[in-house]
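Student: Chains as they are written, first to last, in numbering that gives the first Met the number 0: chain B, 0 to 131; chain L, 0 to 162.
Some clues are possibly wrong.
[To be verified] Simulated crosslink set (BS3-like; lysine-lysine; CA at most 27 Å straight-line): (1) L/114 to L/62; (2) L/158 to L/127; (3) L/158 to L/83; (4) L/146 to B/110; (5) L/47 to L/114; (6) B/121 to L/83.
Hints in this document: simulated from the structure, not taken from any laboratory.
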Amino acid sequence: MIGIVLISHGGLAAGLRDAAEMITGEIDQLECISLQPMDDIDQLVDRIQEAVKKVDVGEGALLLVDLFGASPFNACGRLALAQQDRYELVTGMNLPMLVELVVQREGLTIKEASQIAFEAGKSGVSRLSDKI
Amino acid sequence: MPVTHIRMDNRLIHGQILVSWNSALNIDHLIVTNDKVAEDPMQVTLLKAVTPIGVKVSVLPIKECVEYCLSPEAEEENIFVITKFPEDGLALIENGLSIDTLNLGNQAFVRGAKKLSNSVYLTEEGVKALKKIHEKGINLTCRMLPKDSKSEFWPVIEKNFPE
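All chains, full assembly: derive it from the sequences and hints.
Tutor: As structure tokens, this is what we get:
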């Protein structure tokens, strides 16, 4: 099974995990990383690599970050670009994205998992007035 | 004056720049300048990948950044320059770029650095460069976000690093 690493500004990553586990129960092969104002970006890259090692059992890992172009994205980008067959980076992490991924992840390749996360994240945003 | 803002920020282009500074200053050209970064093709690719709509991104060594900013091509632009360290800021000035203010964005904690704000930690080496900038009559500010105070930051640095 592919691993998942959530990387966010502040406590969003840990908060998202907490929220998702209320829905899916405890989530395995998942690590959370929080970026704080004082943090060094090179160290953030090291922390991401350590987290990836923990969750990647050989099938790769999906990296989810909160904001396109921001520091968590930049720190993951190098890893994702260097080993594109093993890691995928999806931005705009949200609860629909994470729960869908957790529910479906068994048996998926990294490419399939990233596609599911991407679609679920986008379709998870809606407006009530469009639905009635 | 094509260069409207020079920011010294280890994180280079990131959320605060893309969201807050871009909307406050209407940037049309973001130039990241640091000799090492400009030599790293993967980092250049990543920096260019985050270009917001309507903003051009360049990654240049210090000398080329100054040359560009003084060129006729730059005259029509609203340029936001991001350097990595205070030493880069000083190098821009020493290579002929003129500006009245340099801003300290994020400077991460490194061994031996002293805390000046939640996101700015300075080393003795960095302070040496900032002192030279100050002695050239250039203002120093410490603004993580556009809403932060534009007040002169040198007295705070001096107080924390007495000679």
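Student: It remains to establish, for every hint, whether it holds in the given structure.
Tutor: Checked hints:
no.: 1; hint: L/114 to L/62; verdict: 30 Å, violated
no.: 2; hint: L/158 to L/127; verdict: 14 Å, holds
no.: 3; hint: L/158 to L/83; verdict: 24 Å, holds
no.: 4; hint: L/146 to B/110; verdict: 41 Å, violated
no.: 5; hint: L/47 to L/114; verdict: 31 Å, violated
no.: 6; hint: B/121 to L/83; verdict: 34 Å, violated
Hint check: violations occur at hints 1, 4, 5 and 6; the rest are consistent with the structure.
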